[in-house]
Amino acid sequence: MAKKLMKGSEAIGEAAIQAGCRLFFGYPITPQNEIPEYMSLRLPQVGGCFVQAESEVAASNMLYGAAGAGERVMTSSSSPGISLMSEAVSYLAGAELPVVIVNIVRAGPGLGGILPSQGDYFQATRGMGHGDFRLLVLAPWSIQEAANLVQDAFDLADYYRNPVLVLGDGLIGQMMEPVEFRSDRQPIKPLEPKTWASTGCHGDRPTNIINSLFLDPEVLERHNFKLKAKFDAMVRDEIRSAAYGTDGDYDVLVVAYGTVARVCSTAIEELRERGVRVAMVRPITLFPFPYRAVREAALRASSVLVVELSTGQMIEDVQLALEGARPIHFHCRVGGMLVTPDEVMEKVDRILAGAAAEVSHG
Amino acid sequence: MAETVFSRPGALAPVTTHYCPGCTHGIIHRLVAEVIDELGVRERTVGIAPVGCGVLAYNYFTVDFQEASHGRAPAVATGIKRARPDLIVFTYQGDGDLASIGMGEIVHCANRGEKVTVVFVNNAIYGMTGGQMAPTTMPGQIATTCPLGRDVEQCGYPIRIVELLSTLRTPAFVARTAVHTPLHAVNAKEMLRRAFRYQVAGTCFSLVEVLSTCPTNWGLPPAEANRWLDQNMMPYYPLGVFKTPEGADRAPKPAAGD
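Sequence order for the protein chains is B and D.
The opening residue of the first sequence carries number 1 in this note's numbering; numbering runs sequentially from there.
The opening residue of the second sequence carries number 363 in this note's numbering; numbering runs sequentially from there.
These aren't lab readings, by the way, just hints derived from the structure by calculation.
In silico SDA-like links for lysine to any residue, alpha-carbon gap of 25 Å or less: (1) B:K228 to B:P190; (2) B:K194 to D:E405; (3) B:K194 to D:N421; (4) B:K7 to B:I114; (5) B:K189 to B:K228; (6) B:K226 to D:L418; (7) B:K189 to B:R161; (8) B:K194 to D:R404; (9) B:K194 to D:R406; (10) B:K3 to B:E14; (11) B:K194 to D:D448; (12) B:K226 to D:N421; (13) B:K194 to D:V403; (14) B:K226 to B:L215; (15) B:K194 to D:L418; (16) B:K194 to D:P447; (17) B:K230 to B:E218.
One side only, chain D facing chain B, incomplete, derived with CB under 7 Å: (18) V408; (19) Y420; (20) V425; (21) D426; (22) F427; (23) Q428; (24) S431; (25) R434; (26) A437; (27) T440; (28) I442; (29) R446; (30) L449; (31) G466; (32) E467; (33) H470.
Since the model is a prediction, treat every value here as computed from it, not as a measurement.
All residues carry an ideal CB built from backbone N, CA and C; glycine is no exception.
Work the whole structure out from these sequences, hints included.
Here you go:
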């Protein structure tokens, strides 16, 4: 299939449909409305169904019902809406239901603003809802990657029977870039028929019950350890990151994800043209976090620079990765303000001149 | 040779329930199961259990089930029915679940006209959590969070769900019934049968409210609980069919500018 110029939101919606998603439940919230709008038009064309729910609370529970009936299903929202969905996400994880959730993150807290942010990193990577669970979190930096990750997200959700979160921001949603959908795409995981789904109890088979209630503590403990084994398998098998300029020698390693990494890559190109030795590791999975890739790349540098659109969230994972082995510097813009390549270049120059302070929080 | 004239419905699991003595959940479960049997839809029915005393309903029916979070059963039902319109989907919800925390979900499920059936068990109290005031608790009725009786100045009046839902323009079958006497139980089964039939025919949303007793949390022996329901709930919650899809055509004309 030829490349097509698409807006990020439309590419995300089309990717879901190409991955077999036939149901979308959502509620309007800026800046992600183009995704449900696209789905409301496209899903009926492919025999699917779009429902505008009365709230994010309801939308996420519609997701629960449809996923429990064995169908591929997705929702999208933005930060305040994701908070409302966090109740259902806990139930989805507890009941082991595969769904794909897209969070086009906006600045917070509270209503905050509608411009890009990475302030939901903790919420995304630390389980999101009550109870003891994790989400697999994928963070694209381009429209093509957003489309690919959405498709992968359906396979990963089905394989692990766990919600998968795609974490973007308004830039991913609004940018237009060429996108290619491969018609010969195969699932990235071996997928079993969903024999556990509540689809009607035929004949003598035991009833299928979709449930997260386990009143017997011994049974619940076994369930918790079963979930833990899945999260361990994700850590073992699903870590993804990309490295830039780590082939040669470098003095500063930048760690950034999503669209911020895109900005940083521009800065790194210009710095390297000037002869400044700088490289980058970009986490693509935020849970599981690429601790080893970050550590190994960082140990080859004299210092590390973390760049985020939050006042410091992913930096805690970088600190865990480095265990104090290298000084960590930090640069951020928040509130919907964006990091510029000039800011990153200036920060790197100051680090190399010995002027930038090492981060001390965490 | 002896003829079997009465037996456990096939849709009802051969297990002992956790319900208190005198509670009417067991009767309502049985009526729902009988209707599922009679319509021959057991193998394509999916139930949704609530949070509340009915939380373990998935153990008591021989149909597939999903356990919803508190109040969200109508949203879960929507998800299942939209995914699989061929399935017969019903929720089983109490008054705290449906009329308090789940008010948004039930109103919008009904208003979208989801082709699902809601069994709404109203016993005027929170049972499972230990007898707190519900939106349906009667004026003056004592509960653990209104120990001096429900004060309508502070808490408002009990919410009448079927009357409220009957105001919606979307076609639906909405009825209220009771099960505290055999005659009422026979009528309740007829209401449930009609509700499920509308779904099987793909006609409309359907909801049957069943007035129910809670001897444990009302602090009454079962027989007295039945009398209390008759004397206190029945006058405030009148029984009957409040809305039918056929009647929707005779709905009031829209107001000017509507």
